[in-house]
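Asker: Chain by chain, the residues run as shown.
There are 4 protein chains.
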Amino acid sequence: MSQPISFSLASELETCAWFNTAEALSLYKLRGKVIVISAFQMLCPSCVSHSLPQANTLQALHPRSQLQIIGLHTVFEHHHVMTVDALQVFIHEYKLKFAIAADQPSSNNDIPVTMRKLELKGTPSIVLIDKQGRIRLNHFGHLHDLQLGSLVGRLLTE
Amino acid sequence: MSQPISFSLASELETCAWFNTAEALSLYKLRGKVIVISAFQMLCPSCVSHSLPQANTLQALHPRSQLQIIGLHTVFEHHHVMTVDALQVFIHEYKLKFAIAADQPSSNNDIPVTMRKLELKGTPSIVLIDKQGRIRLNHFGHLHDLQLGSLVGRLLTE
Amino acid sequence: MSQPISFSLASELETCAWFNTAEALSLYKLRGKVIVISAFQMLCPSCVSHSLPQANTLQALHPRSQLQIIGLHTVFEHHHVMTVDALQVFIHEYKLKFAIAADQPSSNNDIPVTMRKLELKGTPSIVLIDKQGRIRLNHFGHLHDLQLGSLVGRLLTE
Amino acid sequence: MSQPISFSLASELETCAWFNTAEALSLYKLRGKVIVISAFQMLCPSCVSHSLPQANTLQALHPRSQLQIIGLHTVFEHHHVMTVDALQVFIHEYKLKFAIAADQPSSNNDIPVTMRKLELKGTPSIVLIDKQGRIRLNHFGHLHDLQLGSLVGRLLTE
Chain A
-6 MSQPISFSLA
4 SELETCAWFN
14 TAEALSLYKL
24 RGKVIVISAF
34 QMLCPSCVSH
44 SLPQANTLQA
54 LHPRSQLQII
64 GLHTVFEHHH
74 VMTVDALQVF
84 IHEYKLKFAI
94 AADQPSSNND
104 IPVTMRKLEL
114 KGTPSIVLID
124 KQGRIRLNHF
134 GHLHDLQLGS
144 LVGRLLTE
Chain B
-6 MSQPISFSLA
4 SELETCAWFN
14 TAEALSLYKL
24 RGKVIVISAF
34 QMLCPSCVSH
44 SLPQANTLQA
54 LHPRSQLQII
64 GLHTVFEHHH
74 VMTVDALQVF
84 IHEYKLKFAI
94 AADQPSSNND
104 IPVTMRKLEL
114 KGTPSIVLID
124 KQGRIRLNHF
134 GHLHDLQLGS
144 LVGRLLTE
Chain C
-6 MSQPISFSLA
4 SELETCAWFN
14 TAEALSLYKL
24 RGKVIVISAF
34 QMLCPSCVSH
44 SLPQANTLQA
54 LHPRSQLQII
64 GLHTVFEHHH
74 VMTVDALQVF
84 IHEYKLKFAI
94 AADQPSSNND
104 IPVTMRKLEL
114 KGTPSIVLID
124 KQGRIRLNHF
134 GHLHDLQLGS
144 LVGRLLTE
Chain D
-6 MSQPISFSLA
4 SELETCAWFN
14 TAEALSLYKL
24 RGKVIVISAF
34 QMLCPSCVSH
44 SLPQANTLQA
54 LHPRSQLQII
64 GLHTVFEHHH
74 VMTVDALQVF
84 IHEYKLKFAI
94 AADQPSSNND
104 IPVTMRKLEL
114 KGTPSIVLID
124 KQGRIRLNHF
134 GHLHDLQLGS
144 LVGRLLTE
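First to last, the protein sequences are chains A, B, C and D. All residue numbers for the first sequence refer to the working numbering, where the first residue is -6 and numbers rise by one. All residue numbers for the second sequence refer to the working numbering, where the first residue is -6 and numbers rise by one. All residue numbers for the third sequence refer to the working numbering, where the first residue is -6 and numbers rise by one. All residue numbers for the fourth sequence refer to the working numbering, where the first residue is -6 and numbers rise by one.
No lab work stands behind these hints: they were computed from the structure. Any given hint could be a false lead.
Chain copies aren't distinguished; within one or between two, either way the pair holds.
In silico SDA-like links for lysine to any residue, alpha-carbon gap of 25 Å or less [said to hold, decoys possible]: (1) Lys90 x His72; (2) Lys88 x His72; (3) Lys22 x Asp78; (4) Lys22 x His132; (5) Lys22 x Phe69.
Treat the numbers as computed from the prediction; the structure is a model and nothing was measured.
All chains should be modelled from the sequences, with the hints used to inform the complete structure.
Answerer: Dropping the structure here:
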C-alpha cells in the first residue's frame, strides 16, 4: 500500500443520484465484497483519460459478486456546469458501465458531503474498502493499472 | 486529399461566443492564411481524446501568421448541458490554447447554423480552407497526424 | 483465471544464461515467493511493446522478497540472430532490470527445452507460479495490466 | 524547419543491402520526388517504438511516385549483433513495408559510411531531401507526426 494503512470503517456514502444500478448502493450492504471508489469530476482531464477507463475495465474484469466499483462524482468546483444532468449525458457518451453516484452537495461549502467525510484531496482519488468495510487505501492521484490490480487482488483473497 | 476537392468559397462563420482570441475571427479577414476548422462537442469522447489535442499541437507548431486553427463547438445534441458556460470551463480545464468559437444555435433546428452551412456530418470534423478562402477538405472523423500535417503543409506552400 | 487451473508443480527451468541476477535462479529455491515467468523473444513486436515493459514495471512495484519476475527468452525461430549475445545487448538497450534467462536450446528441435516442458504455445506467454511452486496460470498472449495485477495480488495473499 | 536550412546536395547513399525494393535506390534517380531518410538501429528503442512506425505510416499515406521513404540502418555500436541477417528478420517480424537499406560499414571506423557523410549525430535521425536533391532538414531525434507531416507536405508542393 502506498501510504499508512488506515483501518477506520468507511461511513456510508451520501449521494443525490445513482446511475448504472437498479438502486442506490449501501457500503454496509456490500460487506463481503471488495469496493473500489473512484472519485472524479467530469471536467477533470486526468479522470477522463485515465481513471474512468481504468474503473470501467476493472469492473469488467471482475464479477460484481466479488468486486464493486463505485464512481463518485465529487464536484468541488464549477458546480454550475457539472450538474447531475450533465453527468448523465457524460456517462452515456463515454459508455461507462459501472455504478456511479453523484456526491451530495454541501449546503454551506464547495466540497460535497462524502468527499469531505472521506477527506479526499481532489480528483482523481481512489479509495479501497475491504470485505469488512474498512478503508485500506485512500489515494489522491492516479495509480498504475498493475498497482491497483495487485492491491485489489490482495483484498479479494483475504 | 481523402475526398473530391471542393473549391467552393467558405461562407462566414456564425457564432455566439469566442475564446482564446481578442476578437471574433472572420474567415474573410483571414485570407492569406491557411485555416483549419476543428468541429467538436465537449461531450464527444473522440474529440476530447484525439481531435482537440491534435488541434492544440497543430497550432503550437505553426505561427498564427501562417496558420489559424479554429475550434468550432457545434452542439447538435444534449444542448441543455453543452452550454457556452460549460464550454468555457472545459477550455480552461483542458488547457486549450487555440481560438475556439461556439456555433450559433438554430432557432428551429437541433443543428447549429455554421454546422448546417458547412454540411458537417457530425463530430469530430475537420475543414481545411486555403489562403484564397476555398474549402479544400471537409472530413468527418479523425485524421492521422501525419495525414493532417501533410495536407496542411501543402496548403501552406501554395 | 482465464483457463482451467492446473495445480501441477512447475519443474525446474533449464537455461543457458542469466542476466540481472547474481546467480542462476531456481524455482525450487524461490518457494515461498510468487513467481511470474514472462516468456518472450527479442524480435517479437508484441513482447517488446507490451509484455516486457509490463514485466519490468511489475517487478519495480513489488519487492523481490515477495515477487520474482523471470523473463525467459524462448527462441523457437530465427535462432541464428536471436543469440545470447544479441539478447545481452537488447537487455542493455531496453534498460530491462528484472531477472532474465535464456532458455536452453534443444539438440534436436526448434523449441527450446523449458518452453517445451511448460508447453508454451508461443510468445508472449505468462506463467504464474504460487508460493508452493504450483503453476496457477499458463497464458498465451498478453494480459491487461489490471488482470495480471489482480491475479498476482491474489497469489501474494494466499 | 527546426534548424538552419542547408541547401547542400545530398550525396549518394553507400549501402550493402536493400529490402522491400526490387533494386537499390539512387538518390539521383529519385530526383523529382521528395525523399525522407529515417536513420535507425534495430536495437534503438525509440526507433522501434516511434520512428519506424512513423516511417511506415508516412509511406502508406503517400504514393511512391511523389514520396520515397528510405529506412537507413546505420549501425554504429554493437555491430556483432545488428547484422544484415538480423535486420532482415527484424523487418519481417515488424512488418515494415517501406524501402530499407543497410548502411555500408566503414573499414576503419565504427560509424558507417553514409551516416558519416550525412553527419548524423545518432539514431533516430530524419533527413528530408527535396525534389531537386537538396538536404532541407537533418534532424537528430524524433519529430512529432504533425511536424514531420507539415514539413513533407510543404516539400511536396514546391
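Asker: Each hint: holds or not?
Answerer: Results for each hint:
1. Lys90 x His72: both (24 Å within a copy, 23 Å between copies)
2. Lys88 x His72: both (23 Å within a copy, 19 Å between copies)
3. Lys22 x Asp78: neither (27 Å within a copy, 39 Å between copies)
4. Lys22 x His132: Classified as within; 24 Å inside a copy, 36 Å across copies.
5. Lys22 x Phe69: Neither way: lysine 22 and phenylalanine 69 sit 27 Å apart in one copy and 42 Å across, limit 25 Å.
Checked against the numbered hints listed earlier, the structure breaks hints 3, 5; every other hint is satisfied.
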